[in-house]
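Chemist: One line per chain: the protein sequences are A and B, in this order. Everything in the first sequence is counted per this note's numbering, starting at 1 for the first residue and increasing by one. Everything in the second sequence is counted per this note's numbering, starting at 117 for the first residue and increasing by one.
Any given hint might turn out to be false.
What the hints assert, rightly or not - Pairwise CB distance ranges (calculated): (1) A/Gly99 with B/Gln130: 41 to 47 angstroms; (2) B/Asn134 with A/Asp18: 33 to 39 angstroms; (3) B/Glu154 with A/Asn17: 46 to 52 angstroms; (4) A/Glu53 with B/Asn228: 43 to 49 angstroms; (5) A/Met15 with B/Ser213: 32 to 38 angstroms; (6) B/Pro229 with A/His77: 41 to 47 angstroms; (7) B/Pro229 with A/Ser100: 39 to 45 angstroms; (8) A/Asp18 with B/Ala184: 19 to 25 angstroms; (9) A/Tyr102 with B/Gly156: 25 to 31 angstroms; (10) A/Leu116 with B/Ser143: 34 to 40 angstroms.
Calculated directly from the structure, the hints in this document are not laboratory data. Even glycine gets a Cβ: it sits at the ideal position worked out from N, Cα and C.
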Amino acid sequence: DTAVSQTPKYLVTQMGNDKSIKCEQNLGHDTMYWYKQDSKKFLKIMFSYNNKELIINETVPNRFSPKSPDKAHLNLHINSLELGDSAVYFCASSQRRQGSVYNEQFFGPGTRLTVL
Amino acid sequence: TQLLEQSPQFLSIQEGENLTVYCNSSSVFSSLQWYRQEPGEGPVLLVTVVTGGEVKKLKRLTFQFGDARKDSSLHITAAQPGDTGLYLCAGALRGGSNYKLTFGKGTLLTVNP
Chain A
1 DTAVSQTPKY LVTQMGNDKS IKCEQNLGHD TMYWYKQDSK KFLKIMFSYN
51 NKELIINETV PNRFSPKSPD KAHLNLHINS LELGDSAVYF CASSQRRQGS
101 VYNEQFFGPG TRLTVL
Chain B
117 TQLLEQSPQF LSIQEGENLT VYCNSSSVFS SLQWYRQEPG EGPVLLVTVV
167 TGGEVKKLKR LTFQFGDARK DSSLHITAAQ PGDTGLYLCA GALRGGSNYK
217 LTFGKGTLLT VNP
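This is chain A alone, in the form it adopts within the complex (with noise of 0.2 angstroms):
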């Protein structure tokens, strides 16, 4: 069973052009995060939606745009792509546990985004 599952696991693009990926979870959760993991693998947080509700939004560039439209879905849209987006792309979700500071996050196998 897959838990959190990400479309699509490559996407290679021109610069210039608009770009999406999904994500989806089956296990539940009611918070969803958008990382990015550069060439030295490291791991950024950019966006985190509770209960389809924005709760974390990085220093991320307005051409990035989340969108959720149900617990289970999180999708990133990705306007005027530039050289610099090529990235690894990872979905990730968790329960929020109130009182509790456990985070448990389960990630997706990501999207590998190559810009040329």
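Following the hints, complete the assembly by docking chain B onto the known chain A.
Modeler: Okay, now just chain B, sitting in the frame of chain A:
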């Protein structure tokens, strides 16, 4: 400035050896996690530590959270080729959101048979 410093960055050892990976910061964390990532896959959570001085064991892996909750270590005993991967520490800053994890840059471990 990197909030979580991991060392070493690369580690190549022979099967059966022991190793320790460190994760250090000048900031205090309410919780700290260790993940392992294999090529072409997403990180997988190994452990979460929340109490200063806490020690958790997972088979041959021992995790420790520093008394001041600013640092952590991962010790692997009798490493096996299956332990090969990128080990990432990640923490939630005290006073910050538990949802926002800050990751270290990782330690790439290779265990040679």
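Chemist: The structure should be examined with respect to each hint, and the outcome stated for every one.
Modeler: Status of the hints after comparison with the structure:
1. A/Gly99 with B/Gln130: 41 to 47 angstroms: Holds: the Cβ-Cβ distance is about 45 angstroms, inside 41 to 47 angstroms.
2. B/Asn134 with A/Asp18: 33 to 39 angstroms: violated (50 angstroms)
3. B/Glu154 with A/Asn17: 46 to 52 angstroms: Hint violated: Cβ distance 30 angstroms, outside 46 to 52 angstroms.
4. A/Glu53 with B/Asn228: 43 to 49 angstroms: holds (48 angstroms)
5. A/Met15 with B/Ser213: 32 to 38 angstroms: Check passed, 34 angstroms falls within 32 to 38 angstroms.
6. B/Pro229 with A/His77: 41 to 47 angstroms: At roughly 45 angstroms between Cβ atoms, A/His77 and B/Pro229 fall inside 41 to 47 angstroms, so the hint holds.
7. B/Pro229 with A/Ser100: 39 to 45 angstroms: Check passed, 41 angstroms falls within 39 to 45 angstroms.
8. A/Asp18 with B/Ala184: 19 to 25 angstroms: Roughly 47 angstroms apart at Cβ, these two residues miss the hinted range, so it is violated.
9. A/Tyr102 with B/Gly156: 25 to 31 angstroms: The hinted range 25 to 31 angstroms holds for A/Tyr102 and B/Gly156, with Cβ atoms some 28 angstroms apart.
10. A/Leu116 with B/Ser143: 34 to 40 angstroms: At roughly 39 angstroms between Cβ atoms, B/Ser143 and A/Leu116 fall inside 34 to 40 angstroms, so the hint holds.
Going through the hint list in order, the structure does not satisfy hints 2, 3, 8.
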